[in-house]
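Participant: For the sequence shown, the positions run 189 to 350 when this note's numbering is used.
Hint data in this document are derived by calculation from the structure and do not stem from the laboratory. Everything numeric in this text was worked out from a predicted model, so none of it was measured. Where is the CB? At the ideal position from N, CA and C, for every residue including glycine. Incorrect hints may appear among the rest.
[Said to hold, decoys possible] Restraint ranges, calculated between C-beta atoms of paired labels, are given here:
{"no.": "1", "residue 1": "Ala318", "residue 2": "Ser238", "range": "29 to 35 angstroms"}
{"no.": "2", "residue 1": "Thr251", "residue 2": "Arg325", "range": "31 to 37 angstroms"}
{"no.": "3", "residue 1": "Gly220", "residue 2": "Glu324", "range": "26 to 32 angstroms"}
{"no.": "4", "residue 1": "Arg320", "residue 2": "Ser250", "range": "38 to 44 angstroms"}
{"no.": "5", "residue 1": "Ser336", "residue 2": "Thr251", "range": "29 to 35 angstroms"}
{"no.": "6", "residue 1": "Arg226", "residue 2": "Ile316", "range": "28 to 34 angstroms"}
{"no.": "7", "residue 1": "Gly315", "residue 2": "Arg240", "range": "31 to 37 angstroms"}
[To be verified] In silico DMTMM-like links for lysine to aspartate or glutamate, alpha-carbon gap of 25 angstroms or less:
{"no.": "8", "residue 1": "Lys343", "residue 2": "Asp264"}
{"no.": "9", "residue 1": "Lys252", "residue 2": "Glu324"}
{"no.": "10", "residue 1": "Lys252", "residue 2": "Glu216"}
{"no.": "11", "residue 1": "Lys258", "residue 2": "Glu324"}
{"no.": "12", "residue 1": "Lys252", "residue 2": "Glu228"}
{"no.": "13", "residue 1": "Lys258", "residue 2": "Glu348"}
{"no.": "14", "residue 1": "Lys258", "residue 2": "Glu216"}
{"no.": "15", "residue 1": "Lys258", "residue 2": "Glu228"}
{"no.": "16", "residue 1": "Lys252", "residue 2": "Asp232"}
{"no.": "17", "residue 1": "Lys252", "residue 2": "Glu229"}
{"no.": "18", "residue 1": "Lys252", "residue 2": "Glu348"}
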Amino acid sequence: MMRTGLAIAALAATAGVLDAKAQPLTLEALSGYSIVSRHEEILDFPNGRSVRQVWNDRVYFSTKGRIFHKFNLDSDHAASGRALEMIGGEQGKLGTFRWGGDGITRQWRNPRGGVGHQSFHITGRGGIYACRLSLERVGMMLTARPISQRCTIVKGNALEAG
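Whole structure, please, built from the sequences with the hints as guidance.
Facilitator: Written out as structure tokens, the structure is:
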């Protein structure tokens with residue numbers, strides 16, 4: 189019991205030292221890293237119809253400060269599936285990611301005027317990072333039910349991996 193207490197106290201002291209030296213997360217710190225994410229959800233529409241969607245995202249933070257995004261949206265609804273590649277700084281109706289201090293966010297507008305927000309919230313430092321994806325929809329006639337999510341940050345360019 190005494191050893192366990194000492195080990196916990198040592199870990200707490202180490203965590204305190206690390207936190208004191210912690211720097212805010214920056215885009216530069218993520219240079220050369222990628223986000224690999226999979227998000228599965230069910231969309232329920234007012235007419236009683238439901239559609240399953242799977243978002244597969246790969247985001248690369250280049251060594252020159254650019255954000256590259258490749259995603260594939262698989263859907264039970266034939267008109268909803270798509271695969272695209274986007275580069276930060278390019279303009280387009282689907283939106284490109286922008287750095288926001290604790291992660292990246294993009295916004296898009298659907299054909300009926302609804303607005304979507306996709307964000308990757310990133311935590312960590314020193315090469316050890318974690319992420320979480322959030323999807324929000326405003327003005328869209330649907331309810332989204334998340335089923336599963338996996339979000340990891342890896343060293344290297346995940347876009348080259350396919």
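Participant: Is Lys258 close enough to Glu228, meaning Cα to Cα at most 25 angstroms?
Facilitator: Roughly 17 angstroms separates the two Cα atoms, so the pair holds.
Participant: Starting from the hint 38 to 44 angstroms, judge whether the C-beta atoms of Arg320 and Ser250 obey it.
Facilitator: 22 angstroms, violated
Participant: For Lys343 and Asp264, compute the direct alpha-carbon distance and say whether it is at most 25 angstroms.
Facilitator: 33 angstroms, violated
Participant: Run the distance test for Lys252 versus Glu324: straight-line Cα separation, threshold 25 angstroms.
Facilitator: Answer violated: Lys252 to Glu324 is near 29 angstroms, above 25 angstroms.
Participant: Just to be careful, I want the Cα atoms of Lys258 and Glu348 compared with a cutoff of 25 angstroms; is the pair within it?
Facilitator: 10 angstroms, holds
Participant: Is Lys258 within 25 angstroms of Glu216, Cα to Cα?
Facilitator: 20 angstroms, holds
Participant: For the pair we were handed, Lys258 and Glu324, check the Cα-Cα distance against 25 angstroms.
Facilitator: It holds: about 19 angstroms lies between the C-alpha atoms, which stays within 25 angstroms.
Participant: Range first: 28 to 34 angstroms. Now tell me if the beta carbons of Arg226 and Ile316 are that far apart.
Facilitator: At 21 angstroms between Cβs, range violated.
Participant: Do the alpha carbons of Lys252 and Asp232 lie within 25 angstroms of each other, as the hint requires?
Facilitator: 41 angstroms, violated
Participant: A range of 31 to 37 angstroms was offered for this pair. Does it hold for the Cβ distance of Gly315 and Arg240?
Facilitator: 35 angstroms, holds
Participant: Can the suggested window of 29 to 35 angstroms be confirmed for the beta-carbon pair Ala318 and Ser238?
Facilitator: Between Ala318 and Ser238, where Cβ atoms are some 31 angstroms apart, the hint holds.
Participant: Would the hint linking Lys252 and Glu216 be met if the CA-CA limit is 25 angstroms?
Facilitator: 9 angstroms, holds
Hint compliance for this structure: hints 4, 6, 8, 9, 12, 16 and 17 are not met, and every other hint is.
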